[in-house]
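Got chain A sorted already, so can you dock chain B onto it with the hints?
2 protein chains.
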Amino acid sequence: MKNGLRFAVLGAGHGGYAMAADLSLAGYEVNLFNRSPKPIEAIRKRGGIEITGEAVYGEGFAKVKATTDMGEAIGDVDIIMITVPAFGHEFMIDKSIPHLKDEQIIVFNTGNFASLRLGHKLRKIGKKNVLAETSILIYSSRITGPTSVFVDGLKRKLPIAAFPSKKTKEVLEVLGNVYPQLIAATNVLETSLENLNPIFHPAITLLNAGLTERTMGNYVFYKDGVGPGVGRTIQAVDDERTGVAKELGLRVTSTTEWLYLMYGAKGNNIYEAIQNCKPYLDEGERGPKDFHFRFVTEDVPYGLVPIASLGDLLGVHTPNIKAIIQLWSTINQTDYFKEGYTAKKLGLSGLTEQEIIKLATEGSL
Amino acid sequence: MKNGLRFAVLGAGHGGYAMAADLSLAGYEVNLFNRSPKPIEAIRKRGGIEITGEAVYGEGFAKVKATTDMGEAIGDVDIIMITVPAFGHEFMIDKSIPHLKDEQIIVFNTGNFASLRLGHKLRKIGKKNVLAETSILIYSSRITGPTSVFVDGLKRKLPIAAFPSKKTKEVLEVLGNVYPQLIAATNVLETSLENLNPIFHPAITLLNAGLTERTMGNYVFYKDGVGPGVGRTIQAVDDERTGVAKELGLRVTSTTEWLYLMYGAKGNNIYEAIQNCKPYLDEGERGPKDFHFRFVTEDVPYGLVPIASLGDLLGVHTPNIKAIIQLWSTINQTDYFKEGYTAKKLGLSGLTEQEIIKLATEGSL
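Residue numbers (numbering that gives the first Met the number 0), protein chains in the order written: chain A, 0 to 364; chain B, 0 to 364.
In isolation and in its complexed conformation, chain A is listed as follows (with noise of 0.2 Å):
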């Protein structure tokens, strides 16, 4: 069965690039999909990307087929793998439907709640596709030519959830073999609170604003943004993702217990911790180079408003991430709070908890 898979992975930045050239030196046959020609023009040309670093399946050539016709890209393939930022999430599923077929599984790599949001949309017009999700993209990696990309690290334990999550057994079954590093999550409200991102990135921007504006991102990211005062912010932020998650009976890993997990990091608080972080330091990532960067038009309105959001319908509250989205908001001009994905959004308003897990467990009540 392993060679009879086909992939198609839409959006060609930095993880669709790691992601397409991987899977084909796996074996499987891989359609990258980009919305603009010009950033896949250079593969198609040379039919494929030369992968180098820490991949799953190696260094060398892979053979990947480019393209910017949907239906080329999706046609024939058994599973669809998006890799686009959560703001091109509804036009990849927009630009999908009238190609997809029931049996293909539609996995999005980093969740931010896509599943239920477009779950829904799916559902409405008669599409019976299982949609699935990971918490995080398995890939750090980063474009390094026009037909060449570095992995620079993999995710040793990755949760995937499918929407249902009766599901998830199934999907596992395929993407198992192909990833072993995917543990099956709780269900896909799992999958999006487990998701890092948006508890690290609006607070530390935030925090940051007027030295990202004055140095256009100039600084050490995490190491020169994390002061003491700054870690008991993402600590607050991070503890009212952790209590929605309990009250939706899922224990999602807390920041600090990643920090230690994922980088061996020591220390009392999460400023310590993160000022241990190897990657983190001199090394580490700049900051943004201004607020239209996903660590504010990803992490907000498709990270902390669903967890707000969320928080209203349970009552579990969430002041600190009601002020940095609010914060936002004025900062970027932009109603984050009606942008972002909200639970009537998602297609939760008016339901109990009970009614919550049943939805995500059965995919209707």
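Because the hints were derived from the structure by calculation, they are not lab data. Warning: the hint list may mix true and false statements.
Derived pair list, reagent style EDC-like, types lysine to aspartate or glutamate, alpha-carbon separation capped at 20 Å [to be verified]: (1) A/K337 with A/E169; (2) B/K222 with A/D289; (3) B/K156 with B/E256; (4) B/K154 with B/E256; (5) A/K100 with A/E169; (6) A/K222 with B/E256.
Simulated restraints on C-beta separations [claimed, not checked]: (7) A/S35 with B/D151: 55 to 65 Å; (8) A/E352 with B/P278: 49 to 59 Å; (9) B/D151 with A/F90: 56 to 66 Å; (10) A/R293 with B/E338: 33 to 43 Å.
No experiment lies behind these values; they were computed from the predicted model shown. Backbone N, C-alpha and C define an ideal beta-carbon position, used for all residues, glycine too.
Same frame as chain A, but now just chain B:
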């Protein structure tokens, strides 16, 4: 009458030094009170303060009697000038009570809602003093030695109001001779709402929290700390303040108007105006060393909290102010919503707009 007036200045900080010396050069008797003896020991020994710079009454050595004995400080005076930050107001009033005479006028030099808060307290125990407050301290000054102070600026126009405001004329008849800069404000809500420190300081410090922690404030506060997005945040906070004032029938100076008037600044928004303010640029004030600084510990509980709480009472939304209070509460592990001057602590809860205005004018309902 002029030479007959006797003053007590409570608080030997930068402002207290300048005010005590300047009033003395104007020909008045001045006692300078300080809680702890050390800061005023040298003044006590030398018998006065050397004042230089641009004070109202010139430069020179000014005779000032320094004391840590509140009875001695205020026992015989006509006017009690309080020059400590807002978090010291209540201490000064409590310490004064046993020695207060009904005819003495108490002036909070930077109101921060102290008249309403502490007027209420004095009334309760039968004290009939007229309280008054300015929107900000008249002097911009710094202590340059144990017995010397330099005044680098003076407010050209300074609103003052008595509590109750029907007494403002009376207060101005006395104090207007001393400070010709004083003009009558509508009431103490106006003077307190005219103060722009709570509009600038907590927002800028918050949006530079990471930088502040890393550099211990070693950046030029306004120039380095304010980019376009930070400017939009200040504007939003300012709009909420002017909205609350408007609901109370008050028209307070907007932040941009103030930048234009005070510094001849130009620009289409707060960011541009600040970047065109000479005193804010390279030689300007540095950031706070840490977060237990007046920019937070005074301006949040005594500046932003009363505005937010008044907004709640009046039905005026203040989401940005509340977001800033929330995040400072988290960072400083202090519930400023609770610790600050709420409408309840100001004796206003349950009152209508008309009743609030009547209370400010008449001193009772």
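Consistency of the hints with the structure:
Straight-line distance between C-alpha atoms of A/K337 and A/E169 comes to about 35 Å, which puts the hinted pair past the 20 Å bound. In summary, the hint linking B/K222 to A/D289 is supported, as the alpha carbons are separated by about 18 Å, within the 20 Å threshold. The suggested pairing of B/K156 with B/E256 holds, with an alpha-carbon distance near 14 Å, which does not exceed 20 Å. At most 20 Å may separate the alpha-carbon atoms for a hinted pair to count; B/K154 and B/E256 meet this at roughly 15 Å.
At roughly 17 Å between alpha-carbon atoms, A/K100 and A/E169 fall within 20 Å of each other, so this suggested pair holds. The straight-line distance between the Cα atoms of A/K222 and B/E256 is roughly 39 Å, outside the 20 Å bound, and the hint therefore fails. In this structure the supplied range 55 to 65 Å holds for A/S35 paired with B/D151, their Cβ-Cβ distance being about 57 Å. For A/E352 and B/P278, the Cβ-Cβ distance of about 56 Å falls inside the hinted range of 49 to 59 Å, so the restraint holds.
Distance hint check: the CB atoms of B/D151 and A/F90 are about 57 Å apart, consistent with the given range 56 to 66 Å. At roughly 37 Å, the beta-carbon separation of A/R293 and B/E338 lies within the given 33 to 43 Å, and the hint holds.
Taken one by one, the earlier hints fail for this structure at numbers 1, 6, listed in ascending order.
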